[in-house]
Amino acid sequence: MSSPTHSYLKVSYDLRPAKQVERRMLIDALHRLNSAGFPITDYQYTGFGSIYFVDFIMFHKLLGIDKLLSVEYDLKIENRVKFNIPFKGIDVVMAPIGDVIPTLAKDEKHILWLDYDSIIKREQLSAVAQATSDLSPGSILLVTVDVESPDGAGPAEWRAYFEAEVGDYLGEKNSNSDYSKSKLPLLNGHIIEQAIKQGLVGRGNVTFEPLFNFLYKDGHEMLTVGGMLVTPTERRKLRGASLDETLYHRTSLSHNPYMIRVPKLTRKERLYLDGAMPCADGWLPEEFELSQEDVAAYREIYRFCPAYAELLL
Amino acid sequence: MSTTVHAYPRKQFFIEMFTRDIALEDCILDLIDNSMDALLSTRKIDIESEFLAQSKGQTKTKSGKAQIRLDYSEKRLSIVDDCGGIPYAEARNEVFCFGHKPDAPKRRLGVYGIGMKRAIFKIGNHIQVVSNTGNDAFQVDIDVKEWAEKDGSLDDWTFPIVKLDGAALKMPAGTRITISGLHDEVKSRLDEGTIAKALSRSVAQSYPFFLGKLVDVVINGDLVEPIPLPWGGSEDVNPGVARFEQDGVKVTILATVAPKERRSQEFAGWYVMCNGRVVVNADKTALTGWGSVLPAFHSKYVGFVGLALLTSSDPSSLPWTTSKRGLNREALVFQRARNVMAGVAKPVITFLNDLYPSDPSEDPGERLVAEGVKQRDFRPLLAEPTGPFTRKVLPAQKKTVRVQFDAYIADIEKIKKKLRRQGLTASDVGRLTFNHYLDTECAE
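First to last, the sequence lines map onto chains A and B. In terms of my numbering, the first sequence opens at residue 1 and continues consecutively. In terms of my numbering, the second sequence opens at residue 1001 and continues consecutively.
Don't take each hint at face value.
The list that follows gives simulated cross-link-like pairs (lysine-lysine, PhoX-like), each with its CA atoms no further than 25 angstroms apart [claimed, not checked]:
| # | chain 1 | residue 1 | chain 2 | residue 2 |
| --- | --- | --- | --- | --- |
| 1 | A | K173 | A | K121 |
| 2 | B | K1187 | A | K76 |
| 3 | B | K1011 | B | K1150 |
| 4 | A | K67 | A | K106 |
| 5 | B | K1044 | B | K1213 |
| 6 | B | K1163 | B | K1150 |
| 7 | B | K1065 | B | K1170 |
| 8 | B | K1213 | B | K1250 |
| 9 | B | K1044 | B | K1197 |
| 10 | B | K1250 | A | K197 |
| 11 | B | K1197 | B | K1300 |
| 12 | A | K106 | B | K1150 |
| 13 | A | K197 | B | K1197 |
| 14 | B | K1145 | B | K1213 |
| 15 | B | K1392 | A | K82 |
| 16 | A | K76 | B | K1163 |
| 17 | B | K1145 | B | K1300 |
| 18 | A | K121 | B | K1284 |
| 19 | B | K1163 | B | K1145 |
| 20 | A | K106 | A | K88 |
| 21 | A | K61 | A | K76 |
| 22 | A | K76 | B | K1145 |
| 23 | A | K61 | A | K82 |
| 24 | B | K1044 | B | K1065 |
| 25 | A | K106 | A | K173 |
| 26 | A | K121 | B | K1011 |
| 27 | B | K1399 | A | K76 |
| 28 | A | K237 | A | K67 |
| 29 | B | K1197 | B | K1250 |
| 30 | B | K1101 | B | K1163 |
What the hints contain is simulated information worked out from the structure, not anything from laboratory work.
Please build the complete structure, drawing on both the sequences and the hints.
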């Protein structure tokens, strides 16, 4: 079964601008769903808070979610995790996520974020299938995986990895060219889609409605896909949400991901650009050089982009 | 001009195809299923409430235990039961048909309406079925060879039946099937020394709910003892329980740790029961999710035991195969069950993983919990609320203690000299002398 991950050692969670843009976009989407009649405030959020709890802080403060459950499996940092709980209302369970999913209340709606920081593994897909098998309609499932290439020199080795680890979920992907570097993000999306379907088997009119497909890179390239478990009732309600007005909304997990690109800008440049946002197509700053692409990328994310500054505490 | 062509079944083809894919043991189990069905039907036993009643130490059946006797020799094989018998009308209209009519009375174990016919065709050439309900009775005699040769039209698809006076017959309410003129391959199997044990084992494994409670099965004079499922329990573990209902099938899923003495490859895995009949025994394959929604089975999971109980008043909605030795993995209810089974199993698997910590100097607390698990009856759980597998969390037991003391250098040197090994460190000398005492004075 799963061995504990040590992502808390890899990166300081709150200093990843693209990840932060993703979180802000998800919060934007959840606000829109709330307006469309999904009572997001009453949802339970379950995620991997690690020792930073960034998403928990944001979901609690910005969405008003009170039912918060962080799942951690590394018993070596149990005290550290508990020491760092930012709000009393956050519960922590020290167990593998696969053990916890079946215990999530069937009569509640959930937001479950399987926010992995490793490349895809079978046990992760098993948790995905468990989630779509167990979560109530109206619940939201998000899955993040590292989509960098596995160890090995090229597509043939990468293919061998995928076949050994997640062979059941590959479907028709049986040529080395399906495993080329540029195709790996979508391949991961496809694999997660299969696990989602596996969990839905036998659930009658419950289906999965994709809403998110983010691709971003702070260090490693990461993919976050997600959506909602729906019956015809939720599907109708979803149509009323204004998600399709947003740039990041996606209706497929295996095609056309939304690329989060955070241009590298100084603080002074950002202040200047903010003054012109949202800018017209083709607009360029007069005071300094910036490519058309950077301006366009910034226009898409400026509402969601964090600003970092040093604090002397 | 349009007309029609005949699409008659040919008897010989039918008999050969029909009996090809089933083992002799499974044919015999089919005959036992029929006896059990007669029992459930004549005594109006409701399987679910009967199981629950049994868990409370009582059986709801008013009459005593029924008996099914199987006897075989190289001349004949017979199965005789006192399970209530088959009414004459049912025999005339239903029992000897190949396949049930949609509106036929529902049984609990007989699904497809082929078991008895397939078994008798498989086993021998002369068949006699006598059945008595106490009121009416009948006798059917079939010479298979003769029957197969007479194959001119669909009207030849009949068997002769004789109505008898049940009250006048010197037999209890029940059925007697005698098959003689055994086929050579059957004779050879029956002659094989292992068949009695294999049959007894199959029966014991397949009917743990029924044997000893509702019915005894006796094979060539030997009573088949039920093999209880390797279900474990203790104060410190709570099994995982989940339930759902789909398409008229009630599904209960249970998982826990097996009792210590039954943690083996033989018993570990998933048991799937349809209407109380075990159809999958100790499965450790992808069929029940291993290596897919669960990790691949590994020897450290020999303590895993899971049960999936599927019941329905319409047995054709259950996912069993016609041989009742497997599952139709495409059945929606089973696909759904497999996902739920994985969810119930995972905390047990985590527990079994935790029995093997990375630090070997410690006995994990889980090991103490596992030691205390004893053989239990799982049936009380059928009425328990759903919930995940939980266990008491006990602290790890340190197995080692650090020994440290001061010794005179001169004494250490003396020992090194005696051993003629000057290269030893003081710590080596300490360990060596300690082990020497242990080996020479403390041998068990």
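We went through each hint and held it up to the structure:
1. Our distance criterion of 25 angstroms between C-alpha atoms is met by A/K173 and A/K121, whose separation comes to about 17 angstroms.
2. Taking the CA atoms of B/K1187 and A/K76, the gap is about 64 angstroms. The hint is violated against a cut of 25 angstroms.
3. Taking the CA atoms of B/K1011 and B/K1150, the gap is near 9 angstroms; set against the 25 angstroms cutoff, the hint holds.
4. This hinted pair checks out: A/K67 and A/K106 have alpha carbons roughly 14 angstroms apart, not beyond 25 angstroms.
5. Between B/K1044 and B/K1213 the alpha-carbon distance is near 15 angstroms, which keeps this suggested pair within the 25 angstroms criterion.
6. Straight-line distance between C-alpha atoms of B/K1163 and B/K1150 comes to about 23 angstroms, which keeps the hinted pair within the 25 angstroms bound.
7. Straight-line distance between C-alpha atoms of B/K1065 and B/K1170 comes to about 20 angstroms, which keeps the hinted pair within the 25 angstroms bound.
8. The straight-line distance between the Cα atoms of B/K1213 and B/K1250 is roughly 23 angstroms, inside the 25 angstroms bound, and the hint therefore holds.
9. Distance restraint check for B/K1044 and B/K1197: the Cα-Cα separation of roughly 32 angstroms exceeds the 25 angstroms cut-off, and the hinted pair is therefore not satisfied.
10. Between B/K1250 and A/K197 the alpha-carbon distance is near 23 angstroms, which keeps this suggested pair within the 25 angstroms criterion.
11. The straight-line distance between the Cα atoms of B/K1197 and B/K1300 is roughly 29 angstroms, outside the 25 angstroms bound, and the hint therefore fails.
12. Distance restraint check for A/K106 and B/K1150: the Cα-Cα separation of roughly 61 angstroms exceeds the 25 angstroms cut-off, and the hinted pair is therefore not satisfied.
13. Distance check on the hinted pair: A/K197 and B/K1197 sit about 44 angstroms apart at the alpha-carbon level, beyond 25 angstroms; violated.
14. Simply put, B/K1145 and B/K1213 have alpha-carbon atoms about 40 angstroms apart, too far for the 25 angstroms limit, and the pair is violated.
15. For a cut-off of 25 angstroms, the pair hint linking B/K1392 to A/K82 stands: about 21 angstroms separates their Cα positions.
16. A hinted pair counts as satisfied when its Cα atoms are at most 25 angstroms apart, and A/K76 with B/K1163 does not qualify at roughly 78 angstroms.
17. Between the alpha carbons of B/K1145 and B/K1300 the distance comes to roughly 54 angstroms, so the proposed pair goes past 25 angstroms and is violated.
18. At roughly 21 angstroms between alpha-carbon atoms, A/K121 and B/K1284 fall within 25 angstroms of each other, so this suggested pair holds.
19. Proximity of B/K1163 to B/K1145 is assessed by CA-CA distance (about 24 angstroms); at most 25 angstroms being required, the pair is judged to hold.
20. A C-alpha spacing of about 24 angstroms is found between A/K106 and A/K88, which places the hinted pair at or below 25 angstroms, so the restraint holds.
21. Straight-line distance between C-alpha atoms of A/K61 and A/K76 comes to about 29 angstroms, which puts the hinted pair past the 25 angstroms bound.
22. Between the alpha carbons of A/K76 and B/K1145 the distance comes to roughly 74 angstroms, so the proposed pair goes past 25 angstroms and is violated.
23. At roughly 20 angstroms between alpha-carbon atoms, A/K61 and A/K82 fall within 25 angstroms of each other, so this suggested pair holds.
24. For the proposed pair B/K1044 and B/K1065, the alpha carbon gap of about 14 angstroms is at most 25 angstroms, so the pair holds.
25. Distance check on the hinted pair: A/K106 and A/K173 sit about 35 angstroms apart at the alpha-carbon level, beyond 25 angstroms; violated.
26. About 54 angstroms separates the Cα atoms of A/K121 and B/K1011, which puts this hinted pair outside 25 angstroms; it is violated.
27. About 20 angstroms separates the Cα atoms of B/K1399 and A/K76, which keeps this hinted pair within 25 angstroms; it holds.
28. Of the supplied pair hints, the one linking A/K237 and A/K67 holds, its CA atoms being roughly 23 angstroms apart against a limit of 25 angstroms.
29. For the hint pairing B/K1197 with B/K1250, the CA-to-CA distance comes to about 33 angstroms; that exceeds 25 angstroms, so the pair is violated.
30. At roughly 23 angstroms between alpha-carbon atoms, B/K1101 and B/K1163 fall within 25 angstroms of each other, so this suggested pair holds.
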